[in-house]
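Use these hints to put chain X onto chain G, whose structure you have.
Number of protein chains: 2
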Amino acid sequence: MSTAERPLILVTNDDGYDAKGVLTLARTASKFGDVLMVAPSKPQSGMGHAITIHDPLKIRKVDVLEGVTSYSCSGTPVDCVKSAIHGLSDRRPDLLVSGINHGANFSINVLYSGTMSAAVEGALENIPSIGFSLLDYDQNADFGDSAIVAERIIAKALNEKFPEFTCLNVNIPRSNGEKLKGIRICRQGIGIWEDRLVKREDPMGHPYYWLAGDFKEMDKGQDTDIWALKNHYVSVVPIQFDMTAHQHIPTFNNWEL
Amino acid sequence: MSTAERPLILVTNDDGYDAKGVLTLARTASKFGDVLMVAPSKPQSGMGHAITIHDPLKIRKVDVLEGVTSYSCSGTPVDCVKSAIHGLSDRRPDLLVSGINHGANFSINVLYSGTMSAAVEGALENIPSIGFSLLDYDQNADFGDSAIVAERIIAKALNEKFPEFTCLNVNIPRSNGEKLKGIRICRQGIGIWEDRLVKREDPMGHPYYWLAGDFKEMDKGQDTDIWALKNHYVSVVPIQFDMTAHQHIPTFNNWEL
Numbered sequence: 001m002s003t004a005e006r007p008l009i010l011v012t013n014d015d016g017y018d019a020k021g022v023l024t025l026a027r028t029a030s031k032f033g034d035v036l037m038v039a040p041s042k043p044q045s046g047m048g049h050a051i052t053i054h055d056p057l058k059i060r061k062v063d064v065l066e067g068v069t070s071y072s073c074s075g076t077p078v079d080c081v082k083s084a085i086h087g088l089s090d091r092r093p094d095l096l097v098s099g100i101n102h103g104a105n106f107s108i109n110v111l112y113s114g115t116m117s118a119a120v121e122g123a124l125e126n127i128p129s130i131g132f133s134l135l136d137y138d139q140n141a142d143f144g145d146s147a148i149v150a151e152r153i154i155a156k157a158l159n160e161k162f163p164e165f166t167c168l169n170v171n172i173p174r175s176n177g178e179k180l181k182g183i184r185i186c187r188q189g190i191g192i193w194e195d196r197l198v199k200r201e202d203p204m205g206h207p208y209y210w211l212a213g214d215f216k217e218m219d220k221g222q223d224t225d226i227w228a229l230k231n232h233y234v235s236v237v238p239i240q241f242d243m244t245a246h247q248h249i250p251t252f253n254n255w256e257l
Numbered sequence: 001m002s003t004a005e006r007p008l009i010l011v012t013n014d015d016g017y018d019a020k021g022v023l024t025l026a027r028t029a030s031k032f033g034d035v036l037m038v039a040p041s042k043p044q045s046g047m048g049h050a051i052t053i054h055d056p057l058k059i060r061k062v063d064v065l066e067g068v069t070s071y072s073c074s075g076t077p078v079d080c081v082k083s084a085i086h087g088l089s090d091r092r093p094d095l096l097v098s099g100i101n102h103g104a105n106f107s108i109n110v111l112y113s114g115t116m117s118a119a120v121e122g123a124l125e126n127i128p129s130i131g132f133s134l135l136d137y138d139q140n141a142d143f144g145d146s147a148i149v150a151e152r153i154i155a156k157a158l159n160e161k162f163p164e165f166t167c168l169n170v171n172i173p174r175s176n177g178e179k180l181k182g183i184r185i186c187r188q189g190i191g192i193w194e195d196r197l198v199k200r201e202d203p204m205g206h207p208y209y210w211l212a213g214d215f216k217e218m219d220k221g222q223d224t225d226i227w228a229l230k231n232h233y234v235s236v237v238p239i240q241f242d243m244t245a246h247q248h249i250p251t252f253n254n255w256e257l
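For the protein sequence lines, the chains are G and X, in the order given.
So the first sequence is residues 1 to 257, counted in the numbering used here.
So the second sequence is residues 1 to 257, counted in the numbering used here.
Among the hints, a few may not be true.
Chain X regions said to be covered by chain G (calculated; three or more residues, Cβ under 8 Å) [stated by the list, open to error]:
no.: 1; segment: 76-89
no.: 2; segment: 107-118
no.: 3; segment: 128-134
no.: 4; segment: 149-159
no.: 5; segment: 199-210
Pairs of lysine to aspartate or glutamate, EDC-like flavour, derived with a Cα cap of 20 Å [claimed, not checked]:
no.: 6; chain 1: X; residue 1: Lys216; chain 2: G; residue 2: Glu164
no.: 7; chain 1: X; residue 1: Lys230; chain 2: X; residue 2: Glu217
no.: 8; chain 1: X; residue 1: Lys31; chain 2: X; residue 2: Asp145
no.: 9; chain 1: X; residue 1: Lys220; chain 2: G; residue 2: Asp202
no.: 10; chain 1: X; residue 1: Lys61; chain 2: G; residue 2: Asp202
no.: 11; chain 1: X; residue 1: Lys20; chain 2: X; residue 2: Glu151
no.: 12; chain 1: G; residue 1: Lys216; chain 2: G; residue 2: Glu194
no.: 13; chain 1: X; residue 1: Lys42; chain 2: G; residue 2: Glu164
no.: 14; chain 1: X; residue 1: Lys220; chain 2: G; residue 2: Glu125
None of these hints come from the bench; they were simulated from the model.
Beta carbons are placed, not taken as given, at the ideal position from N, Cα and C, and that holds for glycine.
Next comes chain G alone, as it looks inside the complex (with noise of 0.2 Å):
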């Protein structure tokens, strides 16, 4: 195959460019065709969907990965997709991957979690997107099973009909010496993070604060992504972004506003 027929693999995440996650990520794209990789300079966890709009953004070519041509951008996961597909690269990605995530993304926090919402921007594109977290926050973390899964899946989606306007939230159990039970399509679970807010005081004696959580399931379903963590399995769950409760339209109609 000539290089011009190669798909084109756009590569990002929200631990920053030189994170294991992203390199092994793009080292599995690039099996499958050529890489882009745009990706933050700086950890950029936890940026949900936020873009920078009142800021320029500086990018800079970086060397990483023998032939994936790399980008580090100052802005936010989502800056990283738009700049790529609206500036950095001369034609359009085939598939965006984001990640390996260093650390969980299932549940509710597809919205808190810069990996999805890069993600999701590609979906927003139409381009066929998804998004890959290992359940394990170390910075040398195992990617060797996720590697594994995301080559498994990488491969469906360049060969299968991907939905439109749709991408995919993929989680990996951390190993435990145990194989993979398998990769399960579930719905997102429903949990929270019940949070406290901690005070602190500086050394002058002025306050601040810590916001710390903990994640608390409340969805007993068996279909869900946290079941499947739960019990070994990857999850995927397909996602999409109409927010509309379009199951309470007729009960608003009645407020007779």
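Then chain X, alone, in the frame of chain G:
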């Protein structure tokens, strides 16, 4: 009604605690209950559902409106909501209102908007929540119509049964001298930002970039927020946070991953 019986209304926004829009909203909310305002210390437009993970927050009492307990917070709009509910407030808010934003948040902007992400965070906490946005970016915009609309919707929200885990995305047309035609319950219209990456050079000859874009409608429906606003109606979209593309679960099951 004694003070203890008055509902507690949490007010936030993404333009900052001293913006004309949030002061208008806090004043309107004061007619219905005790108001707690926790809003960003500086503009946080386009912050989406971002949260602050790796940095502490500075939170301080500010005196902006008589009778309203007010805090400025160095974090994002979602940080403001979390800080209010899980630390600054001694009781659970009965209602959350966000805005009134200086600028539009209809269609896909619900994802990028700090104003709406604050309302979505309220919905996650199962607090009836409403985001208000005026289609006028001017910091001295005329919030006269918006205050009337907010008063009407807040009154209904406090007196009717508000569906669980839901919020409202309210957009108000910019005044054009014409009377508003009314309030319509809508679905989120389909549209996208057509972006471009604009290159500049600093005085030292180093490149930097701006992301700029124009909103493009992709929806001809007359039941959308896009249609309502164009026709000088207030748009009200009920919003939920299940991002699952339920209709595509069978498709991906057929991939046999």
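Unmet hints by their number, sorted upward, for this structure = The structure breaks hints 3, 9 and 13; every other hint is satisfied.
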